[in-house]
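The residues making up each chain are set out below.
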Amino acid sequence: MARLTFDELFDSEFLSALEVFDLRIKRFIRQGRHGEQLSHDRGFGQEFKDFKAYVPGDDLRAVNWSIYQRLGRLFVHVFEEYQDLPVYLLVDLSKSMFLEDPPRIVAGLRTALALGAIAAGQHDVVSLFSFSDNLEMQTKPISSKGQLIFLARQMAELDELDKTNLSDVLDELSHQKLRRGLLVIVSDFFDPSGIEAIDDAIRKVRHKILLMQLTKEEDADPELNPEIVGDLRLVDCELDEAIDVTIEPQVIREYKRIYGTFNEALIELADSLGSGLVQIDCEKDILDQLSVMFQTRNLLI
Amino acid sequence: MNLLNLSPLFFGAGLAGLAVGLYLLQQLRIRYTRVPVPTTLFWAEAVRDAPVRVFRQRFKHWLAWLLAVLICWLLWLGFADLRTDRSETANFYALILDGSAQNAVGDDFEISKQQLLNDVRSYPNPQREVYYAGEHNLKLLSYDEETKVLQQRLDDQTPVSARSSVEDQLRLLARDAVNAENQVHAIVYGRTAIPQEVIDDLPDNMIVEQRLPEDESEFSNRGIVALGVGEPLSGAWDKVDVLIRILRTNADDVDSEDLTITIGDQAIASDELDVVGDSDFLLKDVIADGSQLQVSLSGEDDLEFDNEASLVLPIRTQIPIYLGNNVPESILPAINADTALIVVPESEAEVAVLGPGDSPSSLPTFRVVNESDQEQAFEIWYVGPQDENSERALDRTIERLGIEQIDATAIAQEIERQITVTLHFGDQRIVSVWLPVVEDEFNFRESISFPLFISKSMRYLANEAPWYAYLAAGRQAIEQSAGTSLADTDALSELAVGTYFVRNATGEFELTDELPGVISLLDKTSTIRSSSTSIGSETVANTSPYPLWELITWLMLLALALVVTEWYIYQRRLMP
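Protein sequence lines, in the order shown, are assigned to chains A and B.
Counted from 1, the first sequence has number 256 at position 243 by the working numbering; the numbering is strictly sequential.
Counted from 1, the second sequence has number 343 at position 193 by the working numbering; the numbering is strictly sequential.
Keep in mind that the hints are not guaranteed to be accurate.
What the hints assert, rightly or not - Computed, partial: chain B to chain A, Cβ under 8 Å:
(1) Thr-189
(2) Trp-193
(3) Val-197
Stated by the list, open to error - Cut-off 20 Å, straight-line C-alpha distance, at most; resulting in silico cross-link-like pairs (SDA-like, lysine to any residue):
(4) A:Lys-269 to B:Glu-195
(5) A:Lys-176 to A:Met-150
(6) A:Lys-269 to B:Tyr-720
(7) A:Lys-158 to A:Phe-19
(8) B:Lys-434 to B:Thr-410
(9) A:Lys-229 to A:Asp-301
Unchecked claim - Selected chain B positions facing chain A (Cβ under 10 Å, derived; list incomplete):
(10) Arg-181
(11) Arg-184
(12) Val-185
(13) Pro-186
(14) Val-187
(15) Thr-190
(16) Ala-194
(17) Ala-196
(18) Arg-198
(19) Tyr-720
Please keep in mind that the hints were generated in silico from the structure rather than gathered at the bench.
Model, not experiment: these values are computed from the prediction.
Each residue gets a CB set at the ideal place from its N, CA and C atoms; glycine is no exception.
Just chain B, with the same shape it has in the complex (with noise of 0.2 Å):
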């Protein structure tokens, strides 16, 4: 049993206050009714015995008296909010607004937001708390907040094209939740769906219930789930092919001339495109030069959130480098394959590829030194501040070089000495390694490891600009270079440049000035609308979590019959 709105001592005080509240206004002398009656004769002798009222006379009105008392304390008690089960005191109610694109369909958001009103009134405010999960995740309403407030939040909020923060959400409390000794019961209102997993790694103690929005029209809807650019097919490095997926539900199939693709203020042909299955279209090298792409899809239908999408394309140049005349032969295979380079003068170059005995260049430099010019097999010159942490740096270097793919035990085993790789601050960008490592005798070599070590160097020195394959809400944007089609990319997007700017809202943005980026596409079931399967979801426009007939519902029926007692007494002259 437990008092929701008052604390005992509060409630007990409550009650103590209205019995001599009311019994202090029972002793209160009152307005007498003037009545003109042909004689007082009678009255006045029959009043002789009982005197009327005065103030701080005779307390002799206990009937009515007991009454009052009883009604007022049941409205207190009603009002004190007594609660009998532990268990509904134990809950926490999160309640979670869908914002996203998913629940922008017609009158869905509007539905959700009503569905939520109306419900909210219905938990207890220390047991509750609302969230709108549009592009970010909002508190709403905080449990010590009163529940009139959220009309006007709500107000300002309208869905957005975003992905949803939904999940992002009942992570959140989730993470709150395996600490909490309460259940927490997270209603979700809205259409997003709520990906298995999340609900799998939800706690024993949180359950999540979803309210669709009422809604019996059928959603139509094809919209654009895929923009991206990649190397292209013909090899070409200064072009990218383009891929455009699209797909629908309960719609028409897309065929090309329902796309209108632009690049800058050029318009692309619909017959340039190819239909690549039954939902995909390649355009093929469109030149990389950091145009803006923008893919329309025309016709109506549910969502317009995916009917248009762009892409900025990456800007691809040759790197011009300097080869030093005593270059190793060993390595100019895997230069000459890279048509992402081209040889140059010196004065023209924007790299160095020195060999033992060239003289040093004021261009970063991959150079070739002899065992006994250098320490360790791989020594990196790094440019950058002091303080940072050298460790990390490294880490990411290597990384960015290829270094770790290198079989290093198989090298040390054959030269007979350790491999280590050592990191200096400097003035400019340096790769050196020993002779031996680039020798021909030595597998490093012969591995496929070889021509990405050469190509990412290259690219290191040169520090080429990144570029991203593609951009979508939600989605981490992965940084991308020539190099990196060849690496792991679930590896590459852990230490991505973009890995820490997910964006759950499409738009334009610009993480650096070298990074101008556009994210234009939802997730894919925003598209094509899926549900969550494995969680209960109910259309019901508004459910309680406390039954009708709760204890407060009889505390005001009790009421209402002392009341009508009250009446029936003092209708029958028992009661002044």
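Only chain A is shown next, with the shape it has when bound in the complex (with noise of 0.2 Å):
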């Protein structure tokens, strides 16, 4: 299976039951029209937050009258106020996510359409991006939970591209001109460049950042998989390289010693921007995981 069709995509139960997830950013920059988001800055929203010593400058209709009756000084109302979150997916395509069974791209897309949904329903604007060695903006962003079948269609016609280049993706993303948002990137994070390439160019970009990881259970430990015994001739799918490898405990502890110093190595990459780091096992149910990840009903980033 190569990818998903609209129709499986496009699931409403699994859309439905996305409904009760709220997708929130801790600090964010008032740049865009009313959302759901809590912004940066204090105003005039809707929500009453302190008071702040009146300045020159203040609005007067901010004034609380009752203050300065009673003190004889001047106190005005701050309100928080709420805006729109600009949501930029990054899909990566290569090669890596469509090889197994089932393939990475299966989890990433229902993943990345479950995040969709959930800003879409906050009225968050949302933008679908696409990657493997080049970055590709798939059509006029979305910011309604109506126009959902119209991301859906986008993802059901992704297909697969090349190598994994996530650095210098992110290279180019940061060059772009867009609106200071969330960017989340669905990805294996198999990049040939390797995880400190990623680390400085991931560096250069502006948005919040959460990342999800898409795994598999033999990722960690490659003895799972029923394929990967006795002397093999283990062949990159992306680069067409080959390395001959004789299965032993000495090479599969060394594997998973290397694995996990390359999990290890994202997740602090992701503590140090103050992101979140999610991972998805491709193999289990994507509606499930996403459960856990929104624990309290919202993620807060």
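Each chain sits in its own coordinate frame; assemble them with the hints.
Here is the structure:
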């Protein structure tokens, strides 16, 4: 199975189950229209936040005259303001995403659509990007649940590209004049240039980052793969490079250690960026995993 | 501890060869299985310090190699057939298949054959041989031959109407076993009854076992066990009495109606048979003209071979003799009393009897001479090749003449001269004796040996054709003549013409032109079936001399356990 069909992707039950989830970002820079994201600024929003001493230039409509009457000093109401959040879904379409059975792209697209649906449900602006060794933008953004169908159609038409080059893609993305928002990277992160290159590139990106790592259990424990036995010529599906391996305990131990280091590096990267890293097991139910992710019905990044 | 199939040197070389071969195989470059993966990023780094095998690179799969070597060594050891029990390796097994009439009842022979085939595979090749005891003893499988050739050789064998030659084979084995250091096991497959004396004569290092074919049915049989001729009670010279003996086991009695007798083409009426005792029938005064007498026993039974018997009747004609004018009166009573002799003119005679002073005859002659005319008391002219062993010829001739029964010492004392016998080779047969020996004054004439001497001398001179009173499979063919009935049969059998022509099987044969014969009698045990009482016998279909759980079994189990261990380790990814 190379990819999901539209019908498989646009599953109404799946989408309706997502309605209870909220996606929140801790600090948000006001730039756009009203939405449900808590902005960084205080002002004339809808929910009272605090008082502050009046300074010239403050809106006189916010002065609390009762306090002035009691204390003889001017204080103004401070309100929280909600704005929309640009959400950029960056989906990996490299060959590694289409290789296995089931291919990682299935879980990737369902995860991306889920996040897109949650964001659109909050009137956030959702844009879909894809990448392998280049960045590609898929049509125009959506900002409501009614437009989800367009997002699903875009996803259903995505096809396999080439090798992964996330560092270059991030570099390209950082140069694009996009409104600051949330960049969700959906990928296996098997970038031949390594985590270090991704680290360097991702720091140039001005968006909040959410890393969605698509994994399989056999990534961490290759012995779960029945094919990984004996003397093997392992062929990299993206690079067409082969490596001869004799599967033996020493090699397996070394592999596990290296994969563990890779994961730790990815977690450290996410931590250092103040962003989140979510590992999605491609062979398990996506909704279940999202439920765990949205433990308190909302995900705060 | 011993290796049956391999020499220690070859065994050791095999162990080393296996280890080295597997070592080299481990070092060979191998064919990799192509597996596409999402990324080789981690694998490349993982194998950086653990490069894959290449030809003649560092040997690293010690566990795999060790397990493979152990498994191969165990199999090699199993092939070498290690024996830890010296007594087993010291044993020799002679498997004897009974192909005689005794084992020809029903499927007995086929069952015995199959039992033998089943058993023979369990004996080590160098320690077993297979013999077939039919009419003759055949070695079907030698110790240096593969067992697989036995099947075809056995297919060619069928039971024959023959006396069992198992005991002959046992005697041969016993002869060899006497000088052998190992234990000899003779295993007889079949029903042959092995005589007790054969068992008793076996050396201490020889054991006989018998594997009887499984047979639940009761053996039912009756057969002719004796058919012979003898001097007629009537005294008629040209006739014989015929004795027929029938034995039965689990079968009805036999009466004369059950017997069909023909002489030549002429059938004999059953009422001419006299019943003697429980099992004998007598046919009296049968003319001895050389015809073939055939006896058939009607009715169905388990063994067919003994339902018919036949015999060639002797040819008994009187010997025409010519009496010279000076023949001593002392010998005439003996001549006249012998109904086989008839006095005729010289021209019609075959033998001349002359006294002192009678003119010599061209016929074979019995002559009585004066003491002064010849040196020895008995001088015998023998017709035969000059180069023949004269001593043996003398013995045989004297035997035939009955001279040895003469009380020579007594005669010698009487005449105060030494009594000796001299043999001469000549153109014709002559028996020449001193006159005093046959005179009335000496006791020789009064002895019972005298008419025998005269009678045998006449037959010797007439060169009478011998005949057989009976012929049976496995029994010596004893030549008969009118005189032998007076002699000791056992002693005669040692020197009789047929001594060297013992035949185990029935059928017609011909010793010489004058001696046609038909052997149609089996041994008595074939007819009534008796068992060997003093030897171990069993009817178990297949028994092996080695226990089931012998060393090879354990070796195989150990090898199997190692294979399972290897599979387990392989599955646990602890071994490539």
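**Q.** Indices of hints not satisfied (ascending)
**A.** Per hint list: zero violations.
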